[in-house]
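Visitor: Chains as they are written, first to last, in our numbering: chain L, 1 to 149; chain H, 1 to 149; chain Z, 1 to 149; chain D, 1 to 149.
Be aware that a few hints might be false.
Since copy identity is lost for identical chains, a pair holds within one copy or between any two.
List time: in silico SDA-like cross-link candidates among lysine to any residue, alpha-carbon distance up to 25 Å [said to hold, decoys possible]:
hint : residue 1 : residue 2
1    : Lys-128   : Gly-57
2    : Lys-11    : Ser-48
3    : Lys-74    : Thr-61
4    : Lys-74    : Arg-89
Worth flagging that the hints you see were computed from the coordinates, not collected in a lab.
Number of protein chains: 4
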Amino acid sequence: MTASSGPFTWKARVYWEDTDGGGIVYYANYLKFLERARTEWLRSFGFSQDQLAREQGFVFTVVNLTVDYKRPAKLDDELHITCVAHTCRSASIRFAQRVYRGPIVMDDPAAENLLVEAQVRVGCVDCKDMRPRRMPDFLLNVLSSKELS
Amino acid sequence: MTASSGPFTWKARVYWEDTDGGGIVYYANYLKFLERARTEWLRSFGFSQDQLAREQGFVFTVVNLTVDYKRPAKLDDELHITCVAHTCRSASIRFAQRVYRGPIVMDDPAAENLLVEAQVRVGCVDCKDMRPRRMPDFLLNVLSSKELS
Amino acid sequence: MTASSGPFTWKARVYWEDTDGGGIVYYANYLKFLERARTEWLRSFGFSQDQLAREQGFVFTVVNLTVDYKRPAKLDDELHITCVAHTCRSASIRFAQRVYRGPIVMDDPAAENLLVEAQVRVGCVDCKDMRPRRMPDFLLNVLSSKELS
Amino acid sequence: MTASSGPFTWKARVYWEDTDGGGIVYYANYLKFLERARTEWLRSFGFSQDQLAREQGFVFTVVNLTVDYKRPAKLDDELHITCVAHTCRSASIRFAQRVYRGPIVMDDPAAENLLVEAQVRVGCVDCKDMRPRRMPDFLLNVLSSKELS
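With the sequences and hints as input, model every part of the structure.
Guide: Here it is, written out as structure tokens:
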């Protein structure tokens with residue numbers, strides 16, 4: 001799903017469930033697309049969140065986010081959602097993500113087909129008490145090899 | 001929330017989140033309204049599902065349902081959702097539910113403001129293994145006092 | 001996406017957005033999966049619902065449905081959703097649909113990985129007034145060539 | 001719904017539909033609660049968004065937002081969502097919003113029951129082409145009388 005030179009990208013189709021009465025994708029639903037891309041980014045390293053929860057006892061939760069809605073997505077659009085881990089600390093990861101309509105020519109904030117731009121910080125928390133905890137080393141090692149800054 | 005003579009009724013407003021690009025409430029979202037009414041019906045007996053899960057170790061899950069979509073609900077409509085337990089067995093409850101736009105004059109399948117009619121059977125399952133299990137007696141006793149048939 | 005001998009099938013992954021606090025897919029959300037499969041079934045004949053709405057002035061809405069929830073789907077499951085048009089009249093289509101966890105060996109109601117079974121009738125309505133209307137001939141001709149009964 | 005001295009506040013209950021498999025409210029669903037409060041804030045001035053769309057030809061869409069997730073909400077929680085319009089220009093409004101679990105003692109960022117803090121900018125766009133447009137004077141006059149800065 002990822003072009004060799006570009007950022008990790010995941011595709012998703014816009015269905016009726018995603019739109020609202022204004023005829024465009026409902027603003028909260030872009031957060032679902034963003035999370036699907038983060039989940040598949042993690043899976044591209046061989047990690048399933050269900051497995052991490054059951055076997056390692058932790059989940060990722062979103063700590064904060066900013067979203068810029070630049071252009072609306074519509075029914076039947078094919079979205080391309082990028083996912084770049086900008087920094088990865090022992091208990092949290094900071095993602096830069098973009099949602100495009102159709103293929104990405106360049107990952108460019110001025111692109112005509114760039115719909116949404118987001119910064120998302122997710123934290124690692126313990127399943128039992130939902131308190132922050134350090135990611136296991138095998139995960140940190142793999143992710144840090146992809147760290148950008 | 002319930003008129004003395006009529007069925008248990010819960011009110012809900014239609015927001016943007018509930019509508020789709022056709023300008024009406026998305027068909028899956030009526031199931032959310034139906035469940036809010038069932039949850040509040042149970043709460044009217046003093047039971048919170050969160051508490052039942054944590055303290056008694058069981059949850060209710062939907063076993064099957066039928067839904068008739070008669071007229072569409074729209075943004076800003078105030079819905080009145082009824083909830084009647086038709087039969088209550090040791091491990092399941094069968095509900096008849098209706099969704100009206102605005103106040104219910106009579107709980108009548110020919111009413112002009114009847115939007116949706118549903119039959120929903122929910123089963124009691126154990127939180128640990130999701131297998132069917134008998135409801136505790138204190139719950140059965142309270143519910144059966146309201147049983148209709 | 002469709003095996004040559006079996007019914008039309010569409011795949012969907014279960015993400016966090018689809019699950020609820022019981023750890024399984026929320027009962028309303030299966031209706032989203034069912035609709036994605038119907039949308040892609042229609043697209044397999046070359047029809048986009050967005051285009052039909054804009055150029056032909058009609059949409060499909062669900063008239064009624066029955067759903068049997070047999071086994072729960074969980075986070076990260078890969079669902080296979082089938083879609084068979086049982087009858088197609090001038091203003092409505094009746095679908096039989098099933099949701100499986102993982103690949104379908106046989107489209108069999110006794111299969112171990114069959115999670116949900118549904119019957120869904122959708123009607124063709126005019127975008128302007130949401131009243132039933134006849135589908136255009138080009139659509140009826142294509143669909144009836146696939147009609148089963 | 002609003003205490004005389006505090007910010008505009010709207011109440012919402014957490015249902016199964018809002019939670020995810022982690023047992024807490026799914027991060028995108030807080031955006032639904034935030035919007036319900038903005039919708040009811042507007043309704044407190046006598047304006048329904050459905051009516052504004054049909055009679056005045058415009059809708060509000062979210063331009064950008066930031067959200068801080070401080071503590072998770074759970075099933076059955078009663079949320080209190082505040083809504084303050086910080087600035088109101090001719091084509092957009094900037095809101096500060098908070099989500100509390102249970103009653104608000106003080107609208108305080110250090111409160112123990114503060115779950116979510118958000119900044120949301122919404123723009124007024126034309127229904128026909130989704131392009132920014134000036135709000136009508138009758139709306140600006142009413143809103144600006146509540147403007148804080």
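Visitor: Take the hints in turn and mark each one as holding or not.
Guide: How the hints compare with the structure:
1. Proximity of Lys-128 to Gly-57 under the C-alpha cut-off of 25 Å is found in both arrangements, the shortest distances being 8 Å within a copy and 16 Å between copies.
2. Both within a single protomer and between protomers do Lys-11 and Ser-48 lie at most 25 Å apart by alpha-carbon distance, with minima of 18 Å and 18 Å respectively.
3. Taking the closest pair of Cα atoms, Lys-74 and Thr-61 come within 25 Å of each other only across two copies (14 Å); inside a single copy the shortest separation is 28 Å, beyond that limit.
4. In the homo-oligomer, the alpha carbons of Lys-74 and Arg-89 never lie at most 25 Å apart, since the shortest distance is 36 Å inside one protomer and 27 Å across protomers.
Violated hint: 4 only; the structure is consistent with all others.
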